Amino acid sequence: MPTGAYRRLNPATKLALALAEAVLALGVRGWSGPLVVIAVCVAVAIAARIARRSVLLVLASIPLLLSIVLVNTFLYPGATDPIVQLGPVRPTWTGLAAAVQATLRVVAFGFSVVVLILTTEPDHLIADLERRGLGRRAAFVVGATLRAIPRTTQRAGQITEAQRARALDTEGRLWRRVRGILPLAGPLVFGALTDVEEQTMALEARAFSAPGRRTVLRVFPDSATQRVVRWAALLGALALLTSSIAGVLEAIP
Amino acid sequence: MAWLSRQFSTRVIVLIPIAIAINIVLGFTVQKVLNLPIYLDSIGTILVGVLAGPIAGAVTGAASNLIWQYAPVIGPGSNIGPFAITAAVIGLLAGLWGQLGVYKSRPAEGMRLWLAIAIGVAAPALLILPIINNPAYTDPNVGGYPSWVYWAAVLIAATFALVLAAVAYVRRDSAAVWVALAGAATGIVAAVVSAPIAAIVYGGVMGSGTDLLVAALRQGGADVYHASLGQGLFSDPIDKTITSFVVFLVVLGLSRRLLARFPMGERLTDTASA
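As you go down the protein sequences, you meet chains A and B in turn. If you read the first sequence in the working numbering, its first letter stands for residue 115, the second for the next number, and so on. If you read the second sequence in the working numbering, its first letter stands for residue 8, the second for the next number, and so on.
In isolation and in its complexed conformation, chain A is listed as follows (with noise of 0.2 Å):
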């Protein structure tokens, strides 16, 4: 069982905290939603003893906000408060307020995702959700995903070297790199396609598509706390999301 007590928590629980945390970052507007995410993600992180992991994961999104930054600061139409005038370029603070505030949305919700994914072993979340209704096929698609992700990785690889060997030039200006790409799409769609027929049989030979719910053996413990709590996080986020678009949280900030 994995350790530490947020780690403890049902994965259901888990879950509904990211999904809460996810709507807040984006969704309600101005500064404070994101800033009490990103309280709240910190204060998990250094409780569940991923600190630094997930910090060293959110600076991921470094290119993504420098963007942001950059373009919003420098390029934002209408700003007529310029910080200083740096030649033709004008960075205004206007710009530079709506483009800190879209960083801190930005990184809220992928620290709200980071610390989802450090915190929680993708098949106990989808065993946890088949447990409470969630049906197998819908189980079966995300776990297959996430299998196949790396294996399709693999095989793009291999059809690109194999590309590669038949004199395509894959490196180099950009008309040459688009016309790398379409080489690669096509055989392994193909590929993907075969590999359809085989797993269908598998799947098929095991009753995947016989009537009834399949009995999950596997029981993450849950309490009535984590009940509650996951109800009233999911519809306090909604309920201030809608708020948020009705505009009643204008004052605050």
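Source of the hints: derived by calculation from the structure; they are not laboratory data. Possibly wrong hints are sitting among the right ones.
Said to hold, decoys possible - Derived CB-CB ranges, DEER-like: (1) B/Q226 <-> A/G247: 24 to 34 Å; (2) A/P325 <-> B/R119: 45 to 55 Å; (3) A/I197 <-> B/L259: 49 to 59 Å; (4) A/V203 <-> B/Y232: 17 to 27 Å; (5) B/P203 <-> A/P325: 38 to 48 Å; (6) A/W207 <-> B/S12: 36 to 46 Å; (7) B/Q226 <-> A/R246: 21 to 31 Å; (8) A/V203 <-> B/V40: 29 to 39 Å; (9) A/A165 <-> B/T166: 46 to 56 Å.
All values reported here derive from a predicted model rather than from experimental measurement. Just so it is clear, CB atoms sit at the ideal spot from N, CA and C, and this is done for glycine as well.
On the provided structure of chain A, position chain B as indicated by the hints.
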């Protein structure tokens, strides 16, 4: 309801994760590794839509984006999650085009071929006519777009018409026209759905090659929403047309026996001949 459960047969349930994996691998390569101003993350979605129907396509699209966002290793740093709505719409449209028989090969000769090509060339011309005649798009003082938008729209429409005519002529297949138009239409809808999401959530930038276009549009005076919309209307139709063609070529290459096993397979083959 039977129609719905037919769309989700075991074969389709097996296809969906594979399609999502293709979306993610190709999309990641094109957007993050190669930094091209297109996305190429919808091939799987459109393929499922065409083979299995609109609802399956929509599910594939939404699931692609959400799984990509929350997947270990590739999830952090990606910004694809909030666009799940766009992806669902793309899958839905692909299913509708598939039901209308857009992806069925239609070999044509002579007058029929030229008629189809004429329609294919006329369509983009008709589409951009309101754009270039509307000062909101071409006069920076009115709509906020830079003045080069006029020539950019003309050039893109002309290139599109030329490529479409060439492919249809070379392959002697009028379906190329419909496939290209369906792709362009899907791209336009996708751009319109994505622009508010990009503008509101991400301040209009994506952290990829498309940001240069956003910056150029803003430099010309466009506001946050219109810059995102302009970038989308450039990247999305091109991307979805290329994707649409790839799916068409894939479907052409599949045997009829294989196609017939999918829910929408019948619409992709000529059932008149044995």
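Structure-based check of each hint:
At about 52 Å, the beta-carbon gap between B/Q226 and A/G247 misses the expected band of 24 to 34 Å. Between A/P325 and B/R119, the C-beta spacing of about 49 Å keeps the proposed range 45 to 55 Å intact. Evaluation of the 49 to 59 Å hint for A/I197 and B/L259 yields a pass: the beta carbon distance comes to about 57 Å. For the pair A/V203 and B/Y232, the supplied restraint of 17 to 27 Å holds, since their beta-carbon distance comes to about 22 Å.
Hint check: B/P203 to A/P325, Cβ distance near 42 Å, so the stated range 38 to 48 Å holds. A C-beta distance of roughly 57 Å is found between A/W207 and B/S12, which places it outside the suggested range of 36 to 46 Å. Hint check: B/Q226 to A/R246, Cβ distance near 51 Å, so the stated range 21 to 31 Å is violated. Taking the beta carbon of each, A/V203 and B/V40 are about 30 Å apart, inside 29 to 39 Å as hinted.
The given range of 46 to 56 Å is respected by A/A165 and B/T166, whose C-beta atoms sit roughly 51 Å from each other.
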